[in-house]
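Novice: Each chain is listed here by its residues.
There are 4 protein chains.
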Amino acid sequence: MLKVGIVGCGMIGKEHAKRLQYKIQGVEVVAVCDVFEAGAKAASDLIGGVKIYTDADQLIADPDVDAVVVTTPGNFHKNPILSAIKAGKPVFTEKPLTTTAADCKEIVDAEMASGKHLVQVGFMRRYDRGYNQVRDLIKSGEFGKPMILKCTHRAEGVDASYTTEMAVTDTAIHEIDVLPWLIGEGEEWDEVQCLFPRQTKNAHEGLADPQVMIMKTKSGVVCILEVNVNCGFGYDINCEVVCEDGVINLPCPSFPVTRKNFEVATAIEKNWILRFIDSYDVELQDWVDNVAKGTTGGSSAWEGYVAALTADALVAAQKSGKIEKVVTGGTPDFYKK
Amino acid sequence: MLKVGIVGCGMIGKEHAKRLQYKIQGVEVVAVCDVFEAGAKAASDLIGGVKIYTDADQLIADPDVDAVVVTTPGNFHKNPILSAIKAGKPVFTEKPLTTTAADCKEIVDAEMASGKHLVQVGFMRRYDRGYNQVRDLIKSGEFGKPMILKCTHRAEGVDASYTTEMAVTDTAIHEIDVLPWLIGEGEEWDEVQCLFPRQTKNAHEGLADPQVMIMKTKSGVVCILEVNVNCGFGYDINCEVVCEDGVINLPCPSFPVTRKNFEVATAIEKNWILRFIDSYDVELQDWVDNVAKGTTGGSSAWEGYVAALTADALVAAQKSGKIEKVVTGGTPDFYKK
Amino acid sequence: MLKVGIVGCGMIGKEHAKRLQYKIQGVEVVAVCDVFEAGAKAASDLIGGVKIYTDADQLIADPDVDAVVVTTPGNFHKNPILSAIKAGKPVFTEKPLTTTAADCKEIVDAEMASGKHLVQVGFMRRYDRGYNQVRDLIKSGEFGKPMILKCTHRAEGVDASYTTEMAVTDTAIHEIDVLPWLIGEGEEWDEVQCLFPRQTKNAHEGLADPQVMIMKTKSGVVCILEVNVNCGFGYDINCEVVCEDGVINLPCPSFPVTRKNFEVATAIEKNWILRFIDSYDVELQDWVDNVAKGTTGGSSAWEGYVAALTADALVAAQKSGKIEKVVTGGTPDFYKK
Amino acid sequence: MLKVGIVGCGMIGKEHAKRLQYKIQGVEVVAVCDVFEAGAKAASDLIGGVKIYTDADQLIADPDVDAVVVTTPGNFHKNPILSAIKAGKPVFTEKPLTTTAADCKEIVDAEMASGKHLVQVGFMRRYDRGYNQVRDLIKSGEFGKPMILKCTHRAEGVDASYTTEMAVTDTAIHEIDVLPWLIGEGEEWDEVQCLFPRQTKNAHEGLADPQVMIMKTKSGVVCILEVNVNCGFGYDINCEVVCEDGVINLPCPSFPVTRKNFEVATAIEKNWILRFIDSYDVELQDWVDNVAKGTTGGSSAWEGYVAALTADALVAAQKSGKIEKVVTGGTPDFYKK
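Residue numbers (my numbering), protein chains in the order written: chain B, 192 to 528; chain A, 192 to 528; chain S, 192 to 528; chain D, 192 to 528.
Since the hints were made in silico from the structure, they are not lab data.
Hints may be right or wrong, so weigh each one.
Some chain D residues flagged as far from chain B (calculated, every beta-carbon gap over 12 Å) [to be verified]:
id	residue
1	Leu237
2	Asp248
3	Met303
4	Asn323
5	Met357
Partial list, computed: chain S residues near chain B (C-beta under 8 Å) [claimed, not checked]:
id	residue
6	Tyr213
7	Val438
8	Pro447
Glycine residues also receive a C-beta, built at the ideal position from the N, C-alpha and C atoms.
Next up, chain B with everything else stripped away, as it sits in the complex (with noise of 0.2 Å):
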């Protein structure tokens, strides 16, 4: 049975904590830790009572805590990161690693230094059933080399606080993380572009939205994504893969299909808590699974670094209107698979 001590109770963190407390096999939380100890009393009072701290470093000395799952907001992340390493204990974290490139450089070496597999960064994606499909059916070889991506990051809507750099940092890291690895074959992103179509009447004053991104792989595999955040009609996500011999599309969600008024149906997802729920379960389970084995799964903390220097250059290339480089120096021996 895995000891696991939560850091950061905020809505994700509380939902994680019942997750491994109540779902996920061979694990259980034993302790929780927000700066607010009144968030930390309600996340542990959801699980039947645990060991509260405010000091995060507290939690990971603890020698009941064997391994850690980070849930504070994205910029808090790094420390609790390097002094997991730093204790030699597996941790998890919430996507995305650190928000800047230079943070997760920081944990890459600490990682590296102390020799272990520790850290695993929480892209979910890797966990949803039909990206596994996908994946599948490319290992096949039954369609060829896949040559160009076609995706599109839909939703009905964002609130005022979300800005164009949030369309590559908070959106677009989702398919930065999952397609690289959704194609095989070791691939990283190579150069990138954004192109801002006709804008939207539908979003709020100054936020550049739809916007499509183009992003090509070293081998040259080009992906083109569309994020469009305002689109008023779901959660929709989709993935197309041109293959040499044959495309392949990401299933959709599944739905009754109805015939009412003059149409034939099907439902989108209003939101993106249902469409990947489950992957979270999945991911879960197979980081305590791993972790249970010693290793690690799904993203590792070089895969969070290059996420972080694909979303610079995307940035970069917001600004910029031009096709911008992605520079990781090559992935080290110590990540390679």
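Take the given structure of chain B and dock chains A, S and D to it, following the hints.
Specialist: What follows is chains A, S and D alone, placed relative to chain B:
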């Protein structure tokens, strides 16, 4: 150039007049007839002015008329068809052949006595692209033999003049004709049954709706037909053919797929006119081409007679609640294909 | 923590043992029983070692056992269920309740005499996401009342031990249970009929396949069920609900859409295991949760009894070729919901 | 009855001759011309025997010829079009208008100088039912303004004579013409870019395939066009219009849905001929009807010229790897609609 006279200048008569005059190749309308002279005049004016008759026999006797199209109400089909046979002139009649099996039999006997194939009945579904695609797939043998047919005949709604019997004689009559042709192999209906499920609140008083008609062919193919003429959501024709090695579904009409209001949707036709309008062109062109070659196509007088017998059996089944036999006495050699 | 004993350690017994021990929350398997001690031992080993019995009554009497799961062959369900009722312990039994209506009735009578709801029958489709989505749409009232159900139960093929009767007792039994629940309103089957269309070349000698079963509820909803267990193309469960104001189709499982070889295609499941495997988890979790609250969920003993009566009527209809009545005598107050 | 002369008796010339003579109403072919007399003779024979010319100018000067159809190879379009304009006779030319922008400009200038609208260019997609359905939906306003177009132009394979430039001039040219018409609002292309993703193993040496062309209109609508002419799986034309309030997809051709071999599938067209064959009929009928009214329809000479300019910019972009401008100088009043 085939010279045609049209008997019956109501809505469908006028439409066929325009179709033959302006869309179909190798044919010219030279005369029209209606018991109401004003109706004949109106039809004549629509097509550039042609001879006008109020007596069908006079039109049929006109030496300028090579062939006859009958578009009177169904209960007035018999006489002009018999006159055309007597005159040895090819005749295309809108469905049904006539409204009673006895009258149909009289026509069949007259045509056989004449020794020439002169009569074609206007069941236009045999000319629909979709039904022909399904028929070709069945014929290909790739799916094995057909075993079960599942059909729907749905309409948005019907007016108060529509009766429970008309569910057979006006609606199911299309499936009665087209299905044996669809599955081929010289099939004939053998026995029929009619079920009345829980009735819709949307039907007018006195109308049984929906109905489920079960028809079995001599070789054991079972057809299950839903007649549902107050469905509220459009004109919706479906046909699934369950074969030994696979299943084939009739295609729906082609409409854009849209995303809006949390739904992925495709339109359903509002009414039958759009669904089968193209088939009329193909049907009448085929008739003209066949007449030019001295033959007939589409549904024969015998098939029109068998359709009437089958409809009679279904109406009997509506009343008896039992399985009723369709007794044709076997296809005469004259009509074997 | 609910302590469970499992009676019957065949394939499904072992699977449920692992499921209860490792996937379901709030439950622990403490004992297993099989008349073959080796089978019980193997099951025990799979779940970390628990008490082993070869006599079901001893397991049921064990004070460490709070509740019982029966996974013996169907014809051995009766005794352990009656023992559990006698001991006042909740019992979950795989479907069918028992293999004869008389035995089912004995269980119903014993449960009523006990005064407590203790029995749940494992019809897992009630826990399938798709059926629940359809049920919710019906319940919403947006589609009006259901009038016709069109179902298919297709399997790639069956082995030589599968008989014509099993098309009812092993296959249609799922629709017999799930459909009244699906349409709600306290529906019960009223009369049934069985048609044998032209038979497939793919069935083994002596097996009637396909069959079309027609079942009517007391309120007149007509269900038309195609049982087609040598279809050759996969496991294909469909259900269309024709309502007064629209039509609802059960969703198919979600697979990528591919373009290859001049076709746009989506996979069909190879067999039932993948189609409903998730439902088992939901079902057993629901049972555990209900037991914790002192109630039952899913199918009751009464519903298991009615399913057996309906199956008997369908088997009679296979032989008579006629419409047969399902006579239940009316739902006892004890089982009214 | 419009009397037409056809210049160019190759494959498409012969097909249009038959179409005009036997399918289109209100028109008669009275003369055909080909530099190879045998070709002209063969075409004449196909349509019942008409006058034969080997000099296009003589055909155009023939007082029996009211209007001209040009079906020579594209590089021989200029002279007969200019002659027809000079003679004041309406002229329908197959696409492209001519093969260079300079020649197109000469035609535009000549037509404007003549003061009459005489030229129609044969881009047949404007007459496809599906594109018109999409256009009507956009025009309805229900989806808001179009922002992004995602198109595919896929073909099973091309022969060795197909070059990288032809991906623009022969293939993308259809989208170049049809898309501004589709979105309406007097749109014109503004800038273009061309990407070369990882290349398919299925293309012949020297051919760049697939290509992704990015085209932006003056109002900012971004079109992303995949040209993929060795896809191996058929002729596959798609077009998705992302609008402010919803998304519209061009319908695919209608084929039966089949279940076989563990797949639900629908056919993809083998080649372009079937996909757009109906459009030719509608297009030429529309031309004849317009000529009868003294007007033109479809694509104008100006639109043919702009298509040539856009193609030139795309070919330049193929070579430069940069964004290239399309400079038209603005639509002359003569061509404003």
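Novice: Minimum Cβ separation between methionine 303 (chain D) and chain B greater than 12 Å?
Specialist: holds, 31 Å
Novice: Restraint: proline 447 (chain S) near chain B, CB-CB cut 8 Å. Satisfied or not?
Specialist: holds, 5 Å
Novice: Does asparagine 323 (chain D) sit more than 12 Å from chain B, CB to CB?
Specialist: At roughly 19 Å from the nearest Cβ of chain B, asparagine 323 (chain D) sits farther out than 12 Å, so the non-interface label holds.
Novice: Is the Cβ of aspartate 248 (chain D) more than 12 Å away from each Cβ in chain B?
Specialist: Consistent with the label, aspartate 248 (chain D) stays out of reach of chain B, its closest Cβ about 47 Å off (over 12 Å).
Novice: Compute the least Cβ-Cβ separation between methionine 357 (chain D) and chain B, then decide whether it is above 12 Å.
Specialist: At about 19 Å from chain B, methionine 357 (chain D) clears the 12 Å cut-off, so the statement holds.
Novice: Please verify that hint: tyrosine 213 (chain S), Cβ, nearest Cβ of chain B, below 8 Å or not.
Specialist: Status holds, d = 5 Å.
Novice: For the hint on valine 438 (chain S), just tell me whether its beta-carbon gets within less than 8 Å of chain B.
Specialist: holds, 4 Å
Novice: Once the closest CB in chain B is found, is it more than 12 Å from leucine 237 (chain D)?
Specialist: Non-interface label stands for leucine 237 (chain D): nearest chain B Cβ at 40 Å, farther than 12 Å.
In this structure, every one of the numbered hints holds.
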